[in-house]
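Visitor: In case you want the letters, here they are:
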Amino acid sequence: MAHIVVDPVTRIEGHLRVEAEVDGGVVKEAWSSSTMFRGVELILRGRDPRDAWAFAQRICGVCTTVHAIASIRAVEKAIGAVPPPNARILRNLIMAAQAVHDHVVHFYHLHALDWVDIVSALDADPAKTSSLAQSISDWPLSSTNYFSGVRTRIKAFIERGQLGIFANAYWGHPAYRLPPEANLMAVAHYLEALDFQRRFIKIHALLGGKNPHPQSFLVGGMATPVDPDSQSALNMDTITALDALVADGMAFVSRVYLPDVLAIASYYKDWASIGTGIGNYMAYGDYPEDDSENPQLFFPTGVIHNRNLANIETVDHAKITEQIAHSWYDYSVGDDKGLNPYKGETSPHYTGPKPPFERLDVAQKYSWLKSPRYDDAAMEVGPLARMLVAYSTGRPTRVKVLVDKVLKTLGVGPEALFSTLGRIAARAIETQVLVESMDRWVRDLAENMARREYRIQDNSKWDPASWPRDCLGAGFHEAPRGALGHWVHISNGSIANYQCVVPSTWNAGPRDASGHPGPYEAALVGTPVAKPEQPLEILRTVHSFDPCMACGVHVVDATKRELARVRVM
Amino acid sequence: MRVHGLREELEHQGISRRDFLAFCASMAAVLGLPASAGPAIAAAVENEQKPILIWLEFQDCAGNTESLLRAGHPTVADLILDSISLSYHETLMAAAGSQAEQALTQAVRDNAGKYIALIEGSIPSDADGAYCMIGGKSALQIAREICGGAAATIAVGTCASFGGIPAARPNPTGALSVADAVPGVKNLINMSACPANAENITALIVYYLTLKRWPPLDQYRRPLFAYGKSIHDNCERRAHFDAGQYVDAWGDEAHRHGHCLYKMGCKGPATSQNCPVVRWNEGTNWPIGCGHPCIGCAEPNFWDTMTPFYQRLPNVAGFDVGSWVDPVGLGLTGLVAAAAVAHGVGEIVRHRIGSKASSEDGSEAE
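Protein chains in written order, with our numbering: chain S, 1 to 569; chain B, 1 to 366.
Treat the hints with caution; some may be incorrect.
With a straight-line cut-off of 27 Å between C-alpha atoms, the simulated DSS-like cross-links for lysine-lysine are [what the hints assert, rightly or not]:
| id | chain 1 | residue 1 | chain 2 | residue 2 |
| --- | --- | --- | --- | --- |
| 1 | S | Lys531 | B | Lys263 |
| 2 | S | Lys77 | S | Lys343 |
| 3 | B | Lys263 | S | Lys461 |
For each label pair, taking beta carbons as the anchor points, the in silico distance ranges come out as [claimed, not checked]:
| id | chain 1 | residue 1 | chain 2 | residue 2 | range |
| --- | --- | --- | --- | --- | --- |
| 4 | S | Ser230 | B | Pro308 | 23 to 33 Å |
| 5 | S | Thr397 | B | Asp218 | 49 to 59 Å |
| 6 | B | Lys114 | S | Asp248 | 36 to 46 Å |
| 7 | B | Asp252 | S | Ala251 | 34 to 44 Å |
| 8 | S | Gln134 | B | Ala112 | 43 to 53 Å |
| 9 | S | Ser494 | B | Pro314 | 55 to 65 Å |
| 10 | S | Gly149 | B | Pro314 | 53 to 63 Å |
A few chain B residues facing chain S, derived, Cβ under 8 Å [stated by the list, open to error]:
| id | residue |
| --- | --- |
| 11 | Ala62 |
| 12 | Ala94 |
| 13 | Ala100 |
| 14 | Ala127 |
| 15 | Gly129 |
| 16 | Gly148 |
| 17 | Pro195 |
| 18 | Ile295 |
| 19 | Phe319 |
Because the hints were derived from the structure by calculation, they are not lab data.
Ideal Cβ positions, reconstructed from N, Cα and C, are used throughout, including at glycine.
Start from the sequences and build out the full structure, keeping to the hints where you can.
Guide: What follows is the structure in structure tokens.
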């Protein structure tokens, strides 16, 4: 029995530590620990609720829009503001651009190197690479000369001897299975994706002024004026620029990303039965398609228990609780209880070993993440949960079509979705479906301009004097990594309490009071580990969730404010 | 191992001499140098060995890392990533766990006193450092060790520069800036903003490679080439401020026609950064350009001093004078406004002044 510690888990957002017991080349037990905490929720207390989105947005700079969206939705719900149609469309575009960008960066820059051996790419035959590339896609950058140039570039880089971010990695590890040509193609696309992401996210600059941290959100709407007759507003220039960027996105996703996922997956089909995990999935649903109080959502809501796709439950937000039995917090009601976010508490209390340390005591508290539960059950959230709910409910129809196509191409059944590979495929399918929808939302924006519908903001609720004295609101969003919720209590115009329950908290949280593991911990069990000193396979399953740890550790509605207890300086 | 010149590597990468010179000319513009400086930059960049950069993330959101990925000129930003050796960067590096730690240890050992440390995120000092731990060590331990052996330290973003959001009231974790967490840190440069603009990070590195020194800094140790003027002074909507043309409500006619956002809470008059000039995402846009006020994100303690974000700054002289001033007096009003604004920076935003960082000449990093 070997005890493995992976800390830092790299190619993620934030700080994650994984400890695992490996026996007979297989993970027997695993523990997921988040090792950073800031306290954004406590910092939000007492502030103007109209400012909250900017604070909450800084929970994460990777999924840089998601907390802003959840925040304005929560505050709008509390004060009764109703954003006009343009604001809904602009938000849908910003959210979808975020998801498409995020998923592409995740696959190529955060995840691909778990499957792609860069050094092996040097042995590739450029002509054979060209044949391979042309057999899976009509993407034009696929000539022998092109791949020869990429190989030369990589060779020069490696020969120079300063490997930088590629140093000391797992090159040559027996778990790498792609032929050199597939490796070379993937490396070429790693570099192309670096260019693509920078171009595509200009959508956020057009609609939000900048990225990361776009700055056009308002409680009640958006700050970007719409007026085709002004050069200082979203106009026809914007529409044509969006058209070009969305077309670029469509091309890259459908002709590079999705084909690459299928090509790489075909060499790793055993990973369609590894990394299953807890088998419960939850999606809040998102992308409102109309402006009614309960709008039709493009991605539907639903809960799946025990991989049973025949029975999709509706989400009841009242059933959400957070537990802290293995988290570095105290609850006034007892550490073995769960609390709904409206009554949430976050009193940080570190009881782990004093750094520097070698091992965490996982029998005790061992993470800055809480353990969210739905009806006392752990839930996996994210693209796989969303695609499973969409697949089972049959809408949007594109999801069903694409999932079936992917399963058929790989020659596997729907059960293959419940896996490490399933998460990767679901993310790519979702990207394709979203980038297709963006075109429709751009058209909707243009049509509003045509009918002189320029409203962007519900100004009737801008003045805090127009708000109820005391009000509660919750805002939900399907972030790239999954179901996100913010809960706010506003009293006399300022924030009395703020709680976030975040996708990576759902997925990466520690064991709960009953000892049941979180989704990462469960998914790691059974993962093969060929060389415990180089735990590449552990990274594969953890990365398939796309960890975002700064998001996961939110914190703090400290009812007990013993925070400055141990000041060093 | 063969050591290639940068020019040779460029050719390997299929980047033409012409593209490269175009990049150098645009860098000269960002740095505020005459266009004739382009060839000098080219010569300097080509002759350098790849400098070692070590990028550490502490109490961060990775926003500055993401910003770096958006850097500049399509082909050559890629080159800049290649022409420096990014020896450690948790979000981007292939290795994890002990392999990552080994990469860090080796880079620091082999390049002691020569590498450049870049820090993203604040550094918590409470709970014995348990609010941020990597590989079982506290951020405070790591920062002191790595910054202590660096030729220079660049604090990337407002959290590392000034504490940022974790240090906002009530600062639950005792979050510190690099200057406060690593007393005596050598050659500290603060590239504040939330996040720092990629073009400015790139420009700083090229400045160092080209001129063989670090740039002159302002009172908060920020390079003058990026933070030497206020947003207000360079704002494309400044004429509307001077003319008394203000947005009064979101989406009103003034808002649709790009009038001044001062009354909606714009912090441009109290914020120093080059956003109006360099803009964001390869010059695509910037926050005021899309109709939202500046929130002052490059300034120390802006989460406390610039909030509520939608409340207008008090005492910005020149406000509302344009509506009655006659054409002859306009120029004078502008001057008075500029002077008052410069004064206002110190008056309105009462940040902590001075830093605990040292440098060889006391005013500039070296």
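Visitor: So, phenylalanine 319/B near chain S? Judge it on the closest CB pair being under 8 Å.
Guide: 21 Å, violated
Visitor: Evaluate the given range 23 to 33 Å for the C-beta pair formed by serine 230/S and proline 308/B.
Guide: 28 Å, holds
Visitor: Against chain S, run the beta carbon of alanine 100/B and see if the smallest gap drops under 8 Å.
Guide: Alanine 100/B check passes; min Cβ-Cβ to chain S is 5 Å, inside 8 Å.
Visitor: Would the stated hint for alanine 127/B survive a check requiring a Cβ distance to chain S of less than 8 Å?
Guide: 5 Å, holds
Visitor: 34 to 44 Å was suggested as the range; check whether the CB atoms of aspartate 252/B and alanine 251/S agree with it.
Guide: About 39 Å separates the Cβ atoms of aspartate 252/B and alanine 251/S, which means 34 to 44 Å holds.
Visitor: Taking the Cβ atom of threonine 397/S and the Cβ atom of aspartate 218/B, is their distance within the range 49 to 59 Å?
Guide: Taking Cβ atoms as reference, threonine 397/S and aspartate 218/B lie about 57 Å apart, which means the hint holds.
Visitor: Is the Cα-Cα distance between lysine 263/B and lysine 461/S 27 Å or less?
Guide: This hinted pair holds, its Cα atoms lying about 18 Å apart.
Visitor: Is 53 to 63 Å respected by the C-beta to C-beta distance linking glycine 149/S and proline 314/B?
Guide: 59 Å, holds
Visitor: Starting from the range 55 to 65 Å, see whether the pair serine 494/S and proline 314/B falls in it by beta-carbon distance.
Guide: 20 Å, violated
Visitor: Please check whether alanine 62/B passes as an interface residue: C-beta within 8 Å of a C-beta belonging to chain S.
Guide: OK, holds: alanine 62/B within 8 Å of chain S, min 5 Å.
Visitor: The hint names proline 195/B as touching chain S; please verify it with the least Cβ-Cβ distance against 8 Å.
Guide: 5 Å, holds
Visitor: Given a cut of 8 Å on the nearest C-beta pair, is the interface hint for isoleucine 295/B held or broken against chain S?
Guide: 6 Å, holds
Of the numbered hints given earlier, the model fails hints 1, 9, 16, 19; all others are met.
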